[in-house]
Amino acid sequence: MNKTTKKLLGVVAVATLAIGAFVATNAQAAATQVTLAFQSPLTGGEAGLGQDELLGVKTALYEYNQTNPKIKVNLVTGDDQATASIASGVALGFAQNSAVIGVIGSCCSGATQASFGAYKAGHLTIISPSATRADLTSPKASTNGFPFFHRVAATDAVQGPALARYSTKDVSSPKVYLIDDATPYGAGLKPLTTPTLKTLGASIVGQDTVPQHTIDYSSTASKVVASGANVVIYFGYYEDAAKLKVALDLAKYKGVYASGDGTDDLGYITDAGTADAEGTRITSQSVPFELTAPAAVQKDFTAATGLKSAAGHAYVTQAYNATNAYLQCIKGGATTRPAIQSCIASGTFTDVAGNKFNFTRYGDIAQGAPVGAYLVKNGDIIPVGNA
Amino acid sequence: MARFNLRDKGAEIWEGWNRPKRVAFAVFAIAVATVLPYANKFTLTSFLQTPITSFQAVLVYPVGMFILMALGLNIVVGKSGLLDLGYVAFFAIGAYTEAVIGSHTHLNTWEIMPIGMGFSMLAGVLLGLPALRLRGDYLAIITLGFGEIVRILAINTPSIGGPNGVANIPNPPNFFGIQFDLLHQDHFFWIVIVLILLVVWMVRRLTVRRPGRAWEAIRQDEDVAILMGVPILRYKIWSFSIGAAVGGAAGVIFASQQLFIAPQSFDYNVSVLILSCVVFGGIGNIWGVILGASILSYLPERIRFISNAREFVFGVVLVLTMNLRSDGLLPRKKREHLSESEKQALKETRAALKAEKKAARTGA
Amino acid sequence: MNFSVLISQFFPLLINGLALGFIYVLVSVGYTMVYGVLRLINFANSEIFMLGTFATYLVSTRIFKFDQNSHPAHGGKLFLIIICCLVASMLTSGVVAMFVELIAYRRLRTKGASRLGSLISAIGTSIALSEGVRILTHSIPVRAPRVLNKFNVFEIHGVGLRIDQLLTILAGLIFFFAVDRFVNKTRLGAAIRAVSMSEENSRLMGINLNRVITLTFLIGGLVTGAAAFMYDTTYEQTAYYAGFNIGIAAFTAAVLGGIGNLRGAFYGGMALGLAEQFFSAAFGAQWKEIIVFLVLVLILLLRPNGLFGEAVQQTRV
Numbered sequence: 001m002n003k004t005t006k007k008l009l010g011v012v013a014v015a016t017l018a019i020g021a022f023v024a025t026n027a028q029a030a031a032t033q034v035t036l037a038f039q040s041p042l043t044g045g046e047a048g049l050g051q052d053e054l055l056g057v058k059t060a061l062y063e064y065n066q067t068n069p070k071i072k073v074n075l076v077t078g079d080d081q082a083t084a085s086i087a088s089g090v091a092l093g094f095a096q097n098s099a100v101i102g103v104i105g106s107c108c109s110g111a112t113q114a115s116f117g118a119y120k121a122g123h124l125t126i127i128s129p130s131a132t133r134a135d136l137t138s139p140k141a142s143t144n145g146f147p148f149f150h151r152v153a154a155t156d157a158v159q160g161p162a163l164a165r166y167s168t169k170d171v172s173s174p175k176v177y178l179i180d181d182a183t184p185y186g187a188g189l190k191p192l193t194t195p196t197l198k199t200l201g202a203s204i205v206g207q208d209t210v211p212q213h214t215i216d217y218s219s220t221a222s223k224v225v226a227s228g229a230n231v232v233i234y235f236g237y238y239e240d241a242a243k244l245k246v247a248l249d250l251a252k253y254k255g256v257y258a259s260g261d262g263t264d265d266l267g268y269i270t271d272a273g274t275a276d277a278e279g280t281r282i283t284s285q286s287v288p289f290e291l292t293a294p295a296a297v298q299k300d301f302t303a304a305t306g307l308k309s310a311a312g313h314a315y316v317t318q319a320y321n322a323t324n325a326y327l328q329c330i331k332g333g334a335t336t337r338p339a340i341q342s343c344i345a346s347g348t349f350t351d352v353a354g355n356k357f358n359f360t361r362y363g364d365i366a367q368g369a370p371v372g373a374y375l376v377k378n379g380d381i382i383p384v385g386n387a
Numbered sequence: 001m002a003r004f005n006l007r008d009k010g011a012e013i014w015e016g017w018n019r020p021k022r023v024a025f026a027v028f029a030i031a032v033a034t035v036l037p038y039a040n041k042f043t044l045t046s047f048l049q050t051p052i053t054s055f056q057a058v059l060v061y062p063v064g065m066f067i068l069m070a071l072g073l074n075i076v077v078g079k080s081g082l083l084d085l086g087y088v089a090f091f092a093i094g095a096y097t098e099a100v101i102g103s104h105t106h107l108n109t110w111e112i113m114p115i116g117m118g119f120s121m122l123a124g125v126l127l128g129l130p131a132l133r134l135r136g137d138y139l140a141i142i143t144l145g146f147g148e149i150v151r152i153l154a155i156n157t158p159s160i161g162g163p164n165g166v167a168n169i170p171n172p173p174n175f176f177g178i179q180f181d182l183l184h185q186d187h188f189f190w191i192v193i194v195l196i197l198l199v200v201w202m203v204r205r206l207t208v209r210r211p212g213r214a215w216e217a218i219r220q221d222e223d224v225a226i227l228m229g230v231p232i233l234r235y236k237i238w239s240f241s242i243g244a245a246v247g248g249a250a251g252v253i254f255a256s257q258q259l260f261i262a263p264q265s266f267d268y269n270v271s272v273l274i275l276s277c278v279v280f281g282g283i284g285n286i287w288g289v290i291l292g293a294s295i296l297s298y299l300p301e302r303i304r305f306i307s308n309a310r311e312f313v314f315g316v317v318l319v320l321t322m323n324l325r326s327d328g329l330l331p332r333k334k335r336e337h338l339s340e341s342e343k344q345a346l347k348e349t350r351a352a353l354k355a356e357k358k359a360a361r362t363g364a
Numbered sequence: 001m002n003f004s005v006l007i008s009q010f011f012p013l014l015i016n017g018l019a020l021g022f023i024y025v026l027v028s029v030g031y032t033m034v035y036g037v038l039r040l041i042n043f044a045n046s047e048i049f050m051l052g053t054f055a056t057y058l059v060s061t062r063i064f065k066f067d068q069n070s071h072p073a074h075g076g077k078l079f080l081i082i083i084c085c086l087v088a089s090m091l092t093s094g095v096v097a098m099f100v101e102l103i104a105y106r107r108l109r110t111k112g113a114s115r116l117g118s119l120i121s122a123i124g125t126s127i128a129l130s131e132g133v134r135i136l137t138h139s140i141p142v143r144a145p146r147v148l149n150k151f152n153v154f155e156i157h158g159v160g161l162r163i164d165q166l167l168t169i170l171a172g173l174i175f176f177f178a179v180d181r182f183v184n185k186t187r188l189g190a191a192i193r194a195v196s197m198s199e200e201n202s203r204l205m206g207i208n209l210n211r212v213i214t215l216t217f218l219i220g221g222l223v224t225g226a227a228a229f230m231y232d233t234t235y236e237q238t239a240y241y242a243g244f245n246i247g248i249a250a251f252t253a254a255v256l257g258g259i260g261n262l263r264g265a266f267y268g269g270m271a272l273g274l275a276e277q278f279f280s281a282a283f284g285a286q287w288k289e290i291i292v293f294l295v296l297v298l299i300l301l302l303r304p305n306g307l308f309g310e311a312v313q314q315t316r317v
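Those sequence lines, one after another, are chains A, B and C.
So for the first sequence, the numbering used here puts the first residue at 1; every next one is plus one.
So for the second sequence, the numbering used here puts the first residue at 1; every next one is plus one.
So for the third sequence, the numbering used here puts the first residue at 1; every next one is plus one.
Worth flagging that the hints you see were computed from the coordinates, not collected in a lab.
Note that CB positions come from ideal geometry on N, CA and C, so glycine has one too.
Hints are supplied without guarantee of correctness; some may be wrong.
[What the hints assert, rightly or not] Which chain C residues stay away from chain A? Per the calculated CB distances, all over 10 Å, these: (1) Gly132; (2) Gly284; (3) Leu307.
[Said to hold, decoys possible] BS3-like cross-link-like pairs, simulated, lysine-lysine; straight-line CA separation at most 25 Å: (4) C/Lys150 <-> A/Lys252; (5) A/Lys252 <-> A/Lys175; (6) A/Lys140 <-> A/Lys175; (7) B/Lys357 <-> B/Lys347; (8) A/Lys252 <-> A/Lys377; (9) C/Lys185 <-> C/Lys77; (10) A/Lys254 <-> A/Lys169; (11) A/Lys331 <-> A/Lys299; (12) C/Lys65 <-> A/Lys377; (13) A/Lys308 <-> A/Lys198; (14) A/Lys252 <-> A/Lys70; (15) B/Lys333 <-> B/Lys21; (16) C/Lys150 <-> A/Lys254; (17) B/Lys333 <-> B/Lys9; (18) A/Lys331 <-> A/Lys72; (19) A/Lys120 <-> B/Lys41; (20) A/Lys377 <-> A/Lys254; (21) A/Lys120 <-> A/Lys198; (22) A/Lys254 <-> A/Lys175; (23) A/Lys252 <-> A/Lys169; (24) C/Lys150 <-> A/Lys377; (25) A/Lys169 <-> A/Lys198; (26) C/Lys150 <-> B/Lys347; (27) C/Lys65 <-> A/Lys308; (28) C/Lys111 <-> B/Lys333; (29) C/Lys111 <-> B/Lys9; (30) A/Lys356 <-> A/Lys331.
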């Protein structure tokens, strides 16, 4: 601040004499009031995910404020549209907003990566509910977010093998066809399944990349049928997963259809139709809030968001856990950025189900976040254990 | 000209000034632009502050970058009348040049700048050679396709990051003690101002010299330009590649400021937005283009508090403005000050040319 | 690259390509009609299409109460639903097209503004319409329920022609020839052709310019709406961004065939639909656009007025 002020005064003196009164004072955040920031897409094509996570954040804050705490916690939301060039501007805005002491977000790996520079420079801690790309916490990657980045979801390095195992489960001599959607998420997850598929003895009979928002999947379906595959794994988001499933059914494909956490959304069933969606295998790091949260927390969820149940909203649990980690630190008296950073890095936190967790040096959950296996049955996504 | 016209009024005042007055005004304008990054801290101008996003970062991208690109596109669309719907391609080529070369070699941003501009110009020539032989709307679809192709190629080429893009792009090195990093967005803005001034200077020089006149002739009537002996393909390619170089330069700075780029930042919407800046402000007039780009890039950030509806409002603003001021906010000076007899002569020339062409066609 | 799939899956690819091609044909007619009379690319045509897809969705879900669990309809009820949806989509698109003409083009045209001015106001309309729908739908794509049971009409060696594909192809042909006849054989069609040849002369001949231009937008919109209905029936999903891809493809098709020329739109749409299917099967869907683009450049270099187009200055519509 001081340096900027000096430079600013110099420039002002040289250039213009008086444009207006210069206010050098920058309101320091009062210790009785701190701000958490939530960064995620709230408009645009990925808005659904950001809006879902916001529900978890709101629930945690609602519970905190019900206890009449000494330190009030405010929330600011920043819409990054899951786009790198927008995310970097939003992140810098938060980094320069001295009231903000911690960030929850972003939903998606690309936008998170684009924000790293700002958060690193601002010594601002960030906990993502659902940025699952492996390199964000990989000690070897030069692109990791050490030491300010943390996440409460399992990485794709865990999900990839789990998806490979679950999709080929109970399939004799699996012939697998892999299709990704050319997004950082889909294209990143695909290669993480292949080593496991090979060790499981599955043969990969074809691979394809169909860009997100493609209209016509029938030529891809034709290729799948021609290849004789009996397992199709789609790496992408639910809207396109639904379109591909419909096209496969129309092409008379009879085998297994599996997908990752991008498809873990009731919107998938709405879009594909109950009949076509039936039997789809889904792996997800998202832990269903409506199944894991105690009844009291579920009640708070309804009070905070006005929604009856969290069913169909993804990553509510993770967003709730991430927010709670901050709130536990704030309760412990950490109200500055450095204090929050060391508290998050070294503290032990309680998740919604009452289990303890802490972060590793590079920001993943030390206890290992689970990857759940789900099956679409009668128009619902049913958990069937861990994948 | 009974109606009040800001552009003509401004030109009138400017022409009434002597040299010292002009220099003083230019220095004053540049000085105001230089302190603009701190405008949000003055009480008087604090209404400029953008909610959520960092004001200084907004000034660099989108505001500064869009002014720069709109000026570059204005050379193509405004000066020589070629409709380019894929201008973002040149921006992307510049950005990727900086990202890939900068993170793999020891060359710094200033050294990569000419390379990035060179690649963009090369792309402009390669695209222009086939595309500029076509007329109007065919050119539009070819350039639109080209813009998409560059993005799709970037997504599908793993060696330049594929859909993940390129991370860890180095910042520019210090320049006479001026630091360039994330926390000094004001310094980036100064670079952008310097680039904008250079482009403005270049465009003003070119406009009054041979290329500018050739472009004007091409824009007003291609047939007449051919008749007058203007080598139109050569001048079209010149305008295309100079515009491309400006886009490339903007891309190089963008990449070194953002530190991370991904293909999704270079989609068709950016091309449309840049074109909107040009037309909205006043096609062909650099001051209009600068004004238009400033408003259209700043507005969505300023109205972030209505976050959900801001793009909708943006669309409505475009429609309303074009309906009320169809030539843009600051339209170009009308050059067609022809007397009646001159108009008649021009008409006859055109008719003769058409008849000649028709005769040639039926003869063949 | 995988060329064996071209042989083993030739017929499915061909049929899918034809169905997609007819959707492109009808949307390109929307572009080409407007281009013919105004010499302007109607950038809002993609949103005219998108709103048409939502009309079918709303009629089938709100009026006929179809949802994700419903079984397809049969017999008379099926016929009634199809007609209602088709008419709703066509009317919606037609009305939206007239609305677009009114707010994006008319004032600018009467003021004699530059072409680019109208281009930007059309782009603005397009942004406002798609963002408006995005806000109303909470950014979430919707499913157009399956009203029509998609059985194979006939099947030879496991290769079938599905009823929805057959309907799309037939309806595409009918609508295209209806427009073609209207433009070439009726009095109003003659007025459209006259305006496209020369605005000034046709005004001299007593043609009401505003009416003819509105009519052109209406017809373009009606046909685009028909395409929107077929899109919903074939692909069963729509969203606020649905117009974007279709719009660009149909615009490409119109240019490929020779923009401003109705028959050109037909051949261009067909060629593009088939090319997309076969290219994406052979080279992978991610390269489809690049190959289509290269083919387009090549064709325009060899035939600067498009595949079947005549000289742009000579013939319109």
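- Hints not upheld, ascending by number: 2, 6, 9, 13, 14, 21, 26
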